[in-house]
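Please model the complete structure; the sequences and the hints are all you need to start from.
Listed in order, the protein sequences are those of chains A and B.
Here UniProt numbering is used: the first sequence runs in plain steps of one and ends on residue 333.
Here UniProt numbering is used: the second sequence runs in plain steps of one and ends on residue 333.
In case anyone wonders, no lab produced these hints; they're calculated from the structure.
Careful, some of the hints might be misleading.
[To be verified] Label-pair restraints from in silico Cβ distances:
hint : chain 1 : residue 1 : chain 2 : residue 2 : range
1    : B       : H51       : A       : W108      : 37 to 47 angstroms
2    : B       : E89       : A       : W108      : 32 to 42 angstroms
3    : B       : D124      : A       : P112      : 38 to 48 angstroms
4    : A       : T285      : B       : T181      : 32 to 42 angstroms
5    : B       : E219      : A       : D124      : 48 to 58 angstroms
[As the list claims (entries may be wrong)] Simulated coverage check for chain B against chain A, where a stretch passes if three residues somewhere in it have a Cβ under 8 angstroms from a Cβ of chain A:
hint : stretch
6    : 151 to 160
7    : 199 to 213
Note that CB positions come from ideal geometry on N, CA and C, so glycine has one too.
There are 2 protein chains.
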Amino acid sequence: MKKIVQIGVGPLGQKIVKNTLQREEIHLVGAVDPDPEKAGKDLGELCGCTHMGIPVSRELTSSIKGRGADVAVVSTFSSLERIEPQLAELADAKLNIVSTCEELSYPWQTQPDIAQRIDKVCRDSGVTCLGTGVNPGFLMDYLPAVMSSICQDIEQIKVTRVQDASIRRIPFQRKIGAGLTAKQFSQRKKNGHLRHIGLTESVHMIARALCWRLDRVEETLDPVVAARLVSSGYKDIRQGQASGVEQYGRGYVGEEEKITLHFRAAVGEEKSHDKIEIVGTPSFTSVIEGGINGDIATAAITLNAISAVLRAESGLKTMLEIPVPSFSGRFCV
Amino acid sequence: MKKIVQIGVGPLGQKIVKNTLQREEIHLVGAVDPDPEKAGKDLGELCGCTHMGIPVSRELTSSIKGRGADVAVVSTFSSLERIEPQLAELADAKLNIVSTCEELSYPWQTQPDIAQRIDKVCRDSGVTCLGTGVNPGFLMDYLPAVMSSICQDIEQIKVTRVQDASIRRIPFQRKIGAGLTAKQFSQRKKNGHLRHIGLTESVHMIARALCWRLDRVEETLDPVVAARLVSSGYKDIRQGQASGVEQYGRGYVGEEEKITLHFRAAVGEEKSHDKIEIVGTPSFTSVIEGGINGDIATAAITLNAISAVLRAESGLKTMLEIPVPSFSGRFCV
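Written out as structure tokens, the structure reads:
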């Protein structure tokens, strides 16, 4: 039995909370969210489940005091800079951490100073911190690294994730710009808020797994433009408006493109799939037709990773350094 | 730079030796094979490469003396019982071990006494021992376990490996009974020599990853019968003769079949593929059309695993307990 505290009770956090109810050996003991609308409400009721007897707290100390929590599950920010103080507070409180923060999935190249500080505070407290999720954290980085294990040589890795965003949570649909005009899209893109976060981190994680020293990493982002009315999302998208994003992450050695990550998420997209192509010895392509629903899978891997995190050494770890999380309704170690 | 000694210089061992020549940071320092035909010959020439200045030795001591080897790569026996004395000798000599021995991939349920003895001798010597390969060791056990990481619930796992054995090494084609009459096949089956080894081990590895307590594990084996003359293998197979094997490994909880592994390897098989189906939340199917060539991939993963083995704790480990091997032409840790 492991006791966890949920930090962040947005749509993803609520999904994680619901999932814990199906897990024999994970027991929720507290929840934190800064939103005054949520403060004091019962966590179960807030998540659309039965009463759980756990009030959502606005700050950490009161929510964990005397409850013997082992692990904090953190689904708050995508930004490493914003999440750092939370992680430091949790580590100080001797809590192991599993977080869906995209920039935490592989921060060693992009933000090494913050990564080193998080690593240090975790080591000092003897706890482990992992950033995970379905993407970044699995489909476009960890899984290609796993697949590479059977290769004698690799020239290039290409990963494609195409998904119909109709089935994703509303904040996700908003995040990819569904329903924006070209002008709105371009403005939101400029602000940096309009994108799937993590492609650069995923490129770096693959490069690390393969011991490739990249000379540069590039990211591009463009709108997917609706060719006709799309009504399958949380709101109607008119012809000419953006239905989502198309992004590329690319890693180069010299002028050679060694890693290509292609991410396309749009409301009404027809052929969702996840594909890994390895050009090497052997060359092969692995495909999941229909693709993986990111909301379900991110909530799942976050809880699945707890057992592996508890077995890992202390410090800031990535998916490359922990044992296979694997699904486990209960812990068997 | 890691120094390795190759134990067993059959077709698979020779492939591993050739592969080391393409790896910057793996350096062969010795080779052992009990075959008097090979003793004293130069390892490079025996493997069809250039002269390496390494004579194949019939026994371990002289081949490693004063050469500072870190790791032994062992491709000798499929049987745990037969390989145990070799592993003990290597561990005593303070060598870490990566082996393609099928029964070593997950011996904890099938042969726990031997597994415990190997674990103890490795711990006592402070070395790590891993059984790996493409199957068992990757496609039908480790990879499904990895895939399960994104699931909130799993009801059933089915893995299918169908392959055209024409492209495999001759001992593999012989091992699956290609070219035998029905009577010869049934006799060889009775002797226990005619089969892909490892399905039971793979079932147990998946069960362990998912914390499922199985009530029973079953294996079946039948011939694939050639419907017409097949000439793509190492020898012609006439109509009515066996062209290969069809095997199932099944794991049950109560009467419920939770794990189904379907292995079919035959000369002339038309649609090679590797498929993982997970029935759960989410349900999905991952397919590699064309499948993975087992000889290439087994030699590759064996060398790729060295770096992860050197980072692991001492003792007998399985793929579930080490970090992702991943392809790496050089070590970056």
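**Asked** Which hint numbers does the structure go against, in order from smallest to largest?
**Response** none
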